[in-house]
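Got chain E sorted already, so can you dock chain H onto it with the hints?
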Amino acid sequence: MQRIRVGSLVPGMILAQDVLIPRTGVTLLPMNTVLTMEMIRRIGSFNIDEVYIKVPERSNKEKNEEILAPVMAETHEKSVAAVEQVITNFRKDSFTQEAIEGLVGDLLEQVEMDADLLLNLTHMKSYDNYLFSHAVNVSIISILIGEQLGYEKEELNQLGVAALLHDIGMLKIAVETWRKTGTLTPEEYQEVRKHPEYGAELLAGMSAEIQAVAAQHHERYDGSGYPRGLKGSEINYKARIVALADVYEACISDRPYRERLTPQEAIKLIVANQEGFDPNILKVFLLTMAIYPIGTFVRLNTGEIGKVIRVSKNQPFRPVLSLYFDRQGELLGQPIRLDLSADVNHLLYIEDTIPAPEHKKLSEKVATAFSHRPWG
Amino acid sequence: MKAEFINPFVGAAYDIIKRVAAVEATKGELSLANSPVRGDEVNVVIGVTGDLTGQIIFCLSEATALVFASKMLMNLTTDSFNELAKSAICEMGNMILGRAVTTLGERGYFCTLTPPALFIGKNVVVSTQVLKFLVIPLETKYGPITINAALEEKKE
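Protein sequences appear in the order of chains E and H. FYI, the working numbering numbers position 63 of the first sequence as 63, with every residue one higher than the one before it. FYI, the working numbering numbers position 120 of the second sequence as 120, with every residue one higher than the one before it.
Calculated from the structure, these hints are not laboratory results. As the structure is a computational prediction, the values presented were derived from the model and not from experiment. Just to be clear, a hint being listed does not mean it is correct.
The calculated BS3-like cross-link candidates involving lysine-lysine, where the alpha carbons are at most 27 Å apart (straight line), are [unchecked claim]: (1) 313(E) <-> 61(E); (2) 268(E) <-> 18(H); (3) 122(H) <-> 132(H); (4) 86(H) <-> 268(E); (5) 231(E) <-> 283(E); (6) 283(E) <-> 18(H); (7) 18(H) <-> 71(H); (8) 268(E) <-> 141(H); (9) 283(E) <-> 154(H); (10) 63(E) <-> 365(E); (11) 92(E) <-> 153(E); (12) 268(E) <-> 360(E); (13) 18(H) <-> 154(H); (14) 141(H) <-> 27(H); (15) 268(E) <-> 71(H); (16) 86(H) <-> 313(E); (17) 365(E) <-> 268(E); (18) 71(H) <-> 313(E); (19) 283(E) <-> 2(H); (20) 268(E) <-> 283(E); (21) 153(E) <-> 172(E); (22) 92(E) <-> 63(E); (23) 194(E) <-> 180(E); (24) 61(E) <-> 268(E); (25) 18(H) <-> 141(H); (26) 78(E) <-> 54(E); (27) 154(H) <-> 122(H).
Next up, chain H with everything else stripped away, as it sits in the complex:
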């Protein structure tokens, strides 16, 4: 997977995390892993189609997800992962990818997104279309968010 595909996702994640929660994210060591992705407590899966195809899977703990959901909801206290918190965390994933795909478009790769799907539970396992995926660990003040990116260029 080319770095030029991955950087827009990392950049968009930085931007959106900062905009939503006013905190900086830092990137940890990248690594490659083989499908399936083993999830965390809260997992948002978004499909990418077009010039690039595959999936992006955001994984985070429930506690971290609740903080970000609350920020998305104008600081509404959400002590359980209810419908509002769920749509908030999906929207945050959507925003990150919406922004990333905009940047990819500027570089000549045109893609579209599928609506986010949310999976809850530590034992979630997501099989990706692309067998190898890149693990991008992000660290924030409110806990880690892992972006698993399984993308490839569309074959002509």
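The shape of chain E in the complex, shown without the other chains:
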């Protein structure tokens, strides 16, 4: 039980004692009530300073998340290490092929287990070796899009493998070039633009589709891409999926030459350049990632700040949040889970998203305060 100022109440908190109307003894709200915004306003309209709330018990769902999240984080890290092994020692032998298929099999399993948790991992930390975490994350995002497009297991596997290998041509580019913090020289730039072709060469002997994804993942739907300036249906369909996943993942990662964008800024940037992407794949992508993708810090119309932890299917504007800050901007004693798609929460809406510099500060504050909770 915890005493809390009325001004610091947030929807989703649970009353530990009856709230009485002052001087009357009439019960305004009984204990165990899950507070909604309407109720908080009602309490606020009386001369009540403080109420008692319960330390929220975690639901089974939340408990599961807490067990699953570190396991998935560990698997993710292992996948990145394994991809590094496989890609740097890439050979056209059955051993390598099996290793890659095994990795994608693991990713598929995790997507099935809990896609949102997995997606949360795509921007949890930056790895030293961006190339390999990028490969894993692009594969995850591509699989998620493929799933929404109705791909069956076999097809998802193919897509996952192709996505995992899409940037393999980068191995032929000098490490100093793709790790460079400054502007590339024209020569370096020309060299980097060859990596799709290098990739296809390295993958000769694998399926035509896998080669096509490597060769065409920088082609753009409107013909503005490289190396060949292909457009529309000239571009392999899976390459169009990977192209989108590739851009999104690059945007939400720290790069040597710039800091990461927030997930929503990444989506905005993609939509601002929508001509470059297949419109149907883009639509499916937006429905999957939502307008406020997982990991985004948002401010509610009532002032509380939280992080998107789950996306509500078919309600891209109404995700599930983990609220961390009350209306005054004070860190809550414990995060409060709030599902904006729930009927009782329709008074609330997302007023705005927190821009990148402040986003980073908030992430760090939350990480310090709730380090024991890997998720939410």
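What follows is chain H alone, placed relative to chain E:
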């Protein structure tokens, strides 16, 4: 229906339309009509319960709805009224009412909302609980939005 109930809705509509699409809305002549509400091509119905009860129904043409949906979707081109556009226009209605109900709360009327329901098709007819409703026509650069408000104070 008291003006003090209606003004928050008009004010919230102005605010949200401006925030979403960066355009000003102007209010036309108000009128009273009898239930049912005859819809336009796109109709968003949101229920209000609490100290005030009833329904608010937003009606607009598909072309207008598509413009606002696109603005809600970061200027994504939506040439048909697909799932994304539908949730965008529902959310916009939700935002207007979320804001209006906040203002009503500041004035001592506490209400909550039901999730928006979307009806598409010009022949949609919505019967309201409250028999008389107020028609608030708003004009915007992207076409008219009509707010039909059928609200009454909860009887003690």
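Against the structure, the hints come out as follows:
1. Our distance criterion of 27 Å between C-alpha atoms is met by residue 313(E) and residue 61(E), whose separation comes to about 17 Å.
2. Taking the CA atoms of residue 268(E) and residue 18(H), the gap is near 19 Å; set against the 27 Å cutoff, the hint holds.
3. Restraint check for residue 122(H) and residue 132(H): satisfied, since their Cα atoms lie roughly 21 Å apart, inside the 27 Å limit.
4. For a cut-off of 27 Å, the pair hint linking residue 86(H) to residue 268(E) stands: about 19 Å separates their Cα positions.
5. Restraint check: the Cα-Cα separation between residue 231(E) and residue 283(E) comes to about 18 Å, which is no more than 27 Å; the hinted pair holds.
6. The straight-line distance between the Cα atoms of residue 283(E) and residue 18(H) is roughly 25 Å, inside the 27 Å bound, and the hint therefore holds.
7. Our distance criterion of 27 Å between C-alpha atoms is met by residue 18(H) and residue 71(H), whose separation comes to about 11 Å.
8. A hinted pair counts as satisfied when its Cα atoms are at most 27 Å apart, and residue 268(E) with residue 141(H) qualifies at roughly 24 Å.
9. For the hint pairing residue 283(E) with residue 154(H), the CA-to-CA distance comes to about 43 Å; that exceeds 27 Å, so the pair is violated.
10. With a CA separation close to 23 Å, the supplied pair residue 63(E) and residue 365(E) stays within the 27 Å bound.
11. Distance hint between residue 92(E) and residue 153(E) is fulfilled; the C-alpha atoms sit about 24 Å from each other, no more than 27 Å.
12. For the proposed pair residue 268(E) and residue 360(E), the alpha carbon gap of about 18 Å is at most 27 Å, so the pair holds.
13. Distance check on the hinted pair: residue 18(H) and residue 154(H) sit about 32 Å apart at the alpha-carbon level, beyond 27 Å; violated.
14. At roughly 13 Å between alpha-carbon atoms, residue 141(H) and residue 27(H) fall within 27 Å of each other, so this suggested pair holds.
15. Distance check on the hinted pair: residue 268(E) and residue 71(H) sit about 12 Å apart at the alpha-carbon level, within 27 Å; holds.
16. Distance check on the hinted pair: residue 86(H) and residue 313(E) sit about 14 Å apart at the alpha-carbon level, within 27 Å; holds.
17. In summary, the hint linking residue 365(E) to residue 268(E) is supported, as the alpha carbons are separated by about 25 Å, within the 27 Å threshold.
18. For the hint linking residue 71(H) to residue 313(E), the alpha-carbon distance of about 21 Å falls within 27 Å, and the restraint holds.
19. A hinted pair counts as satisfied when its Cα atoms are at most 27 Å apart, and residue 283(E) with residue 2(H) does not qualify at roughly 43 Å.
20. Between residue 268(E) and residue 283(E) the alpha-carbon distance is near 13 Å, which keeps this suggested pair within the 27 Å criterion.
21. For a cut-off of 27 Å, the pair hint linking residue 153(E) to residue 172(E) is broken: about 32 Å separates their Cα positions.
22. This hinted pair does not check out: residue 92(E) and residue 63(E) have alpha carbons roughly 44 Å apart, beyond 27 Å.
23. Taking the CA atoms of residue 194(E) and residue 180(E), the gap is near 17 Å; set against the 27 Å cutoff, the hint holds.
24. For a cut-off of 27 Å, the pair hint linking residue 61(E) to residue 268(E) is broken: about 31 Å separates their Cα positions.
25. Our distance criterion of 27 Å between C-alpha atoms is met by residue 18(H) and residue 141(H), whose separation comes to about 11 Å.
26. Among the hinted pairs, residue 78(E) with residue 54(E) is inconsistent with the structure: their alpha-carbon atoms are about 39 Å apart, more than 27 Å.
27. For the given pair, residue 154(H) sits about 32 Å from residue 122(H) by alpha-carbon distance, which is inconsistent with the 27 Å threshold.
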